[in-house]
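I would like the entire structure built from these sequences, with the hints used as guidance.
Line by line, the protein sequences give chains A, B and C. For the first sequence, the residue numbers in the numbering used here are 1 to 304. For the second sequence, the residue numbers in the numbering used here are 305 to 583. For the third sequence, the residue numbers in the numbering used here are 584 to 956.
Source of the hints: derived by calculation from the structure; they are not laboratory data. Predicted model, so just to flag it, every value in this text is computed and none were measured. Careful, some of the hints might be misleading.
Unchecked claim - Computed list of chain B residues with no C-beta within reach of chain C, every gap over 12 angstroms:
1. Val-327
2. Gly-370
3. Pro-498
Said to hold, decoys possible - Computed cross-link-like contacts, DMTMM-like style, restricted to lysine to aspartate or glutamate with a CA-CA straight-line distance of at most 20 angstroms:
4. A:Lys-155 x B:Asp-414
5. A:Lys-15 x B:Glu-471
6. C:Lys-902 x C:Glu-868
7. C:Lys-756 x C:Asp-854
8. C:Lys-766 x C:Asp-846
9. C:Lys-766 x C:Asp-717
10. C:Lys-902 x C:Glu-922
11. A:Lys-15 x B:Asp-414
12. C:Lys-937 x C:Asp-854
13. C:Lys-902 x C:Asp-928
14. C:Lys-937 x C:Asp-846
15. A:Lys-15 x B:Asp-445
To be verified - Here are the in silico distance ranges between beta carbons for each label pair:
16. A:Ser-296 x C:Val-655: 17 to 27 angstroms
17. C:Thr-859 x A:His-14: 49 to 59 angstroms
18. C:His-752 x A:His-14: 25 to 35 angstroms
19. A:Ser-296 x C:Arg-679: 34 to 44 angstroms
20. B:Met-410 x A:Ser-296: 25 to 35 angstroms
21. A:Arg-294 x C:Val-655: 52 to 62 angstroms
Think of the CB as a built atom: it goes at the ideal place given N, C-alpha and C, for glycine as much as any other residue.
Spelled out from the first residue to the last, the chains are:
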Amino acid sequence: MAQSATLVERRGWHKHVLLSPPLLFFAGFTLFPLGYTIYVSLSNWSITGAHSFVGLDNYVRILGSNTFRQSYLNTIVFAVVTVLLQYLLGLAMAVLVYRSTFGQSVLRLLFLVPMMFTPVVVGFVWKTMFDPSYGPISFFMDRLGLPAVPWFSEKLPAMTTIVIADVWQWTPFMFLILFAALRSLPTAPLEAAMVDGASGWRLFFDHLWPMLLPASVTAILLRSIEAFKLFDVVYLTTGGGPGVQTATVTLSAYFTGIRSGDLGTAAAMTVVLLVTVLISTTILLRILAWASARRSRRDLGEAA
Amino acid sequence: MRTGGWTRRVILFCWALFALGPVYWTLITAFKRQVDIYDGPRFIPFVDFKPTLQAWRTLFGDGGGGFLHMFWNSVMFATASSALSVLLGGFAAYGLARYRYSYGPMRNDDLSFLIVSQRIMPPIVSVLALYLIFINLRLLDNAAGMILAYTAMNLPLAVYLLRSFFEAIPVELEQAAALDGYPPWQRLARVVFPLAAPGLAAAFLLSFFFAWNDFLFSLILSFNKAQTLPLYITYLNTQSQPLWWQISAVGLVALIPPAIVTVVLDRFMARQVLIGGIR
Amino acid sequence: MAALTVTALTKRYPGGEAPAVDDLSFTLETGQFGVLLGPSGAGKTTTLSLIAGITPPDSGEVALDGDPLDGVPPEQRDIAMVFENYALYPHMSVRRNIAFPLRAPVRAGSMSRSQIDQRVQEVARTLRITELLDRLPSQLSGGQRQRVALGRALARRPRLLLLDEPITHLDAKLRHEMRTELKRIQRELGVTTLYATPDQADALALADLVIVLGQGRAWQLGPPDDLFRRPAHVRVAQSLGDPRMNLLAGLLIDDRVRVLGQDLPVAELPDLLPDTRPVTRYPAEVLAGIRPAHVEVLTTPQPAAMAGRVLLHHRLGHKDVLHVEVDGELVRAVTPAGEERQPGDPIWLRFPAKHVHLFDPGTGWALRAEARR
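Set out below in structure tokens:
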């Protein structure tokens, strides 16, 4: 018999009241500002309020600007590298902790600590850690006879500091999700595979990892969405420097819009970022759908 | 996977070192004097250096330039916006769980996705426009504006989390409560919301976590009265000789609420929420 | 004044081709125990939902003690319901579950706190769950939960009690016990009750009035005995009685019915409900129904008996069920426990005319055959 999910069916208006706040917020804080931003991006808009319509001028300019191209590339590099590293390390730790017999919950809690820090604080802490004169890292490198690295005065080392800080903070996130997924896996297929003689790396790659695919893609998806927004850590550690060489799009837009007052250009930058994020997210969502479908087909197959 | 017991332990130990090292560093830095920092790094309290409460006294004593004020702002904004998010998000999630909507071509799942997808958009895209809008509405640099902004930020999350909690509550319980003589709002208050309590708590804590840690909104939408803790840190940071000890102390203080959140959430999230989303 | 009057109740769910409840009408007197009997999908739960006010009807009326309930929300109807899954509030103890309706806003002020406590104790005593009062529903067994659900429903002495398959999820022995309990409690309290079930044993044991429901429609209603002895439709005949009534092809010629080679005089057929349709065309093909318990089983050939072969012999302790093949047709028969019979054994059956019911093969409605000269 048709089980209707609705309960006491009231006439109309109650349910609309329930749903309207989020929809209103959506309209007011997402939709409208988005439209506004696009409009601003098509204008020469100063923070003082003076503005005039210029069409695609801003876009043409930034796409031709080396500074923007660099910040765009930085954003992508950061996103890809940090998410990848976070995933691999998170996966490794999840598997290792999962296989540990001692103090799983203690270990888990300890590993989660970096995530509890405010990103601004994280930026600051790593800035001090990498400080060439007073920071412990330079100190230990010097003691170990390693050459001094100009952490903040050259682009590559500077980007490395940011990557390390971000990986430090967010690997626990991957760890959390993957560990939970590991714990919820059915042990039967793995045991069966072990009985069949699989072990070590083969067991991992052929059996364990595929089962983690949906969780992996979910974690990567969630983390990627955040990674493109990278701002806090960069602002605090390098400030975008040396010069503007480690800036991300968000940072660039902030400086251009608020500090320099050129809102039109800044808005254009953010729109480019948005488009990038939408494309990547769509791709990842497709992969997630594929991975989940594959997993359920596999589950059915295994049961046979 | 047959990793030798020792290899595994070494790797885990190294990671623990990596994860906790900076924490330790921040901890001891918060108790150092200026000379302890600029003399080259010191590591062990009482051996390398003499711990002092100087940083803390500055912070809590004369307010160290607005610390208490900004701390209070952070607490207030995060709490108020999270409460709002959970309340409004809870009602919406309940609606999506129990009723059938159809706005144009969109049904319940479409509306859900619409609401949740807001998180995909990088905040910088909206915040520049919000800056201009807030100026016009005179919401710039005040509590109301910040709370609204944070609520907008976290509402989608609350709706997403809570919908499945409400769907998991059998309709018959509400029908039974109706027959027992309870009108709709009372049913929500006495039966539905109490049963969704774990979800409500998780949504609140998560919202709090994100509001507390926010930097970009605070940076752009406030400049004086409505500033939050992360901004305090940047002030300390911009000086030519940043006051490490003070910043470390602030960092540790800023750590406490999210730490509580993470610990409590770890119980819920890992089991219920995430697995629900992944399976 | 009738306690519950249902008139032309109709409900169609969006996306459903046929109505879930179709022009349903019946009346329950005060204190009567009514049973909605029907298979799953017949519309039992929908009917209860409509009466309770949980679902609004498309058309039709429900009236309680003469008061129409149209537009009255469930919280004001003073109707109690025991759901199939009991719907106990998981976050409340048994005590609080039972007291919950008594504390409702609708009833605010009608009972003091101590009166409520007393009532809870009373109810717990009647249902023998006193020692469970401080437990949580999750700590109870199925049978215990069912009693608590019943207790919660009865605590406020409702005008009408609705039960949706309350004992379906219990094991056979418990079901048997609960049937007796339910009957006893209902008699004691005198509460008008409507009970939905697919199990005909429930209907036969509990009902003052049985409503046979199928595809949203009532096929017949009346006391169980009536429905058993004078079914108006094949469906009704088959929904009561276990094993089911045999239905065999028959031919009505003048003054007799021929079934499986046996001739039954029309004059001896059982008497029927007054509005049973008469047969219009002679000779007529009919469905002849006879209950397994009424089939005469003979071990030796007798005049007017049909020869058959035993297919199956179930010995159930107090009775035997026989599946017999006669003339290519399967006939079920029930006899008191006797000796062992083997498949293939010859056996003879006779149908007493006074237990044979005639039905129209096309529509299924019962037929009245008048002897024609």
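Hints versus structure:
1. Val-327: Non-interface label on Val-327 of chain B holds, nearest chain C Cβ at 39 angstroms vs cutoff 12 angstroms.
2. Gly-370: For Gly-370 of chain B, whose nearest Cβ neighbour in chain C is about 45 angstroms away, the distance exceeds 12 angstroms, so it holds.
3. Pro-498: Since the minimum Cβ distance to chain C is about 5 angstroms, Pro-498 of chain B lies within 12 angstroms and the statement is violated.
4. A:Lys-155 x B:Asp-414: Outside the cut-off at roughly 44 angstroms; violated.
5. A:Lys-15 x B:Glu-471: It holds: about 15 angstroms lies between the C-alpha atoms, which stays within 20 angstroms.
6. C:Lys-902 x C:Glu-868: violated, 33 angstroms
7. C:Lys-756 x C:Asp-854: violated, 37 angstroms
8. C:Lys-766 x C:Asp-846: violated, 43 angstroms
9. C:Lys-766 x C:Asp-717: With Cα atoms ~27 angstroms apart, Lys-766 of chain C and Asp-717 of chain C exceed 20 angstroms; violated.
10. C:Lys-902 x C:Glu-922: holds, 11 angstroms
11. A:Lys-15 x B:Asp-414: Holds. Lys-15 of chain A to Asp-414 of chain B sits at ~16 angstroms (cutoff 20 angstroms).
12. C:Lys-937 x C:Asp-854: holds, 8 angstroms
13. C:Lys-902 x C:Asp-928: Holds - the C-alpha atoms of Asp-928 of chain C and Lys-902 of chain C are around 19 angstroms apart, at most 20 angstroms.
14. C:Lys-937 x C:Asp-846: holds, 13 angstroms
15. A:Lys-15 x B:Asp-445: Cα-Cα ~35 angstroms, so violated.
16. A:Ser-296 x C:Val-655: 17 to 27 angstroms: violated, 47 angstroms
17. C:Thr-859 x A:His-14: 49 to 59 angstroms: Roughly 50 angstroms apart at Cβ, these two residues keep to the hinted range, so it holds.
18. C:His-752 x A:His-14: 25 to 35 angstroms: holds, 33 angstroms
19. A:Ser-296 x C:Arg-679: 34 to 44 angstroms: holds, 41 angstroms
20. B:Met-410 x A:Ser-296: 25 to 35 angstroms: holds, 27 angstroms
21. A:Arg-294 x C:Val-655: 52 to 62 angstroms: Hint holds: Cβ distance 53 angstroms, inside 52 to 62 angstroms.
Hint violations for this structure: numbers 3, 4, 6, 7, 8, 9, 15 and 16, all remaining hints satisfied.
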